[in-house]
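If you use this note's numbering, the sequence shown corresponds to residues 264 to 491, in order.
It is possible that some hints are incorrect.
[To be verified] The list that follows gives simulated cross-link-like pairs (lysine to any residue, SDA-like), each with its CA atoms no further than 20 Å apart:
| # | residue 1 | residue 2 |
| --- | --- | --- |
| 1 | Lys430 | Val478 |
| 2 | Lys336 | Tyr290 |
| 3 | Lys351 | Leu325 |
| 4 | Lys365 | Arg381 |
| 5 | Lys430 | Gly358 |
| 6 | Lys430 | Leu384 |
| 7 | Lys365 | His433 |
| 8 | Lys464 | Ser453 |
| 9 | Lys336 | Val379 |
| 10 | Lys351 | Val337 |
| 11 | Lys299 | Arg278 |
| 12 | Lys351 | Leu384 |
| 13 | Lys430 | Gly334 |
| 14 | Lys400 | Ser386 |
| 15 | Lys336 | Phe277 |
| 16 | Lys336 | Lys400 |
The hints are simulated quantities; they were obtained by calculation from the structure and are not laboratory data.
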Amino acid sequence: MQPRILIVEDDPIFRAVMQDNLVFEGYRVDAVADGKTALSHVRSFSPDLVVLDLTLPDWDGLDLCPLLHQGGKVPVIILSARGQKLDKLRGLELGADDFITKPTDLDELLARIRVVLRRSLPSVDRLRVGRLVIDFKTSKATYGSSTVRLTHREFRLLRYLAERRDKVVHRDELLREVWGYLDASVTTRSVDQTVARLRKKIEPDPHHPEFIRTVHGDGYCLSAAPVD
């Protein structure tokens, strides 16, 4: 699944150059010019990473950073011509995962994006859910010597949640990324129904789940351990 990157940059030329290069590298990219639009896109676009300029027409990026960062849920790379030590220190204290001073080499920016994404979205090949071991490479789930049959969709859903374990994943994000709905506002119970079926297969007590937890009004959160 392609990581999603939100660019918040008021310079239209630089914004377009960044977007084109990131799309070429295989990322899904949304680019906006101001803080107000960025805040709305964090919910609708559900980015895996934000590249944030500090000088915006309606916000100071340092004030915007913790709102986009969402308490550690969304990594932020600050990219700014404001390279004073005080700005760098404050940006990092406010939760930014990296601070890059303009002008910057695009290859360096891409490298730093890859590092932050690798740190925030680790690849999960095997997962332990209680006594159940799920191997995403072979699409097999085993409980001791017994095989637990999961559908292709259930494997995809579990892997998506596993790569974001202990974080809340919204239903509309799951509809886009796992189900492939282009319009995530469509009314459907597909996510809830699949989670309910999955709980019957992996939870000791499906009515009181301990691994796939419901976050009311938001979505789901997976608590499980990757297997080395």
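Exercise for review: Any hints from earlier that this structure breaks? Give me their numbers in increasing order, please.
Suggested key: Numbers 4, 7, 12, 15 and 16 - these are the hints that the structure violates, sorted from lowest upward.
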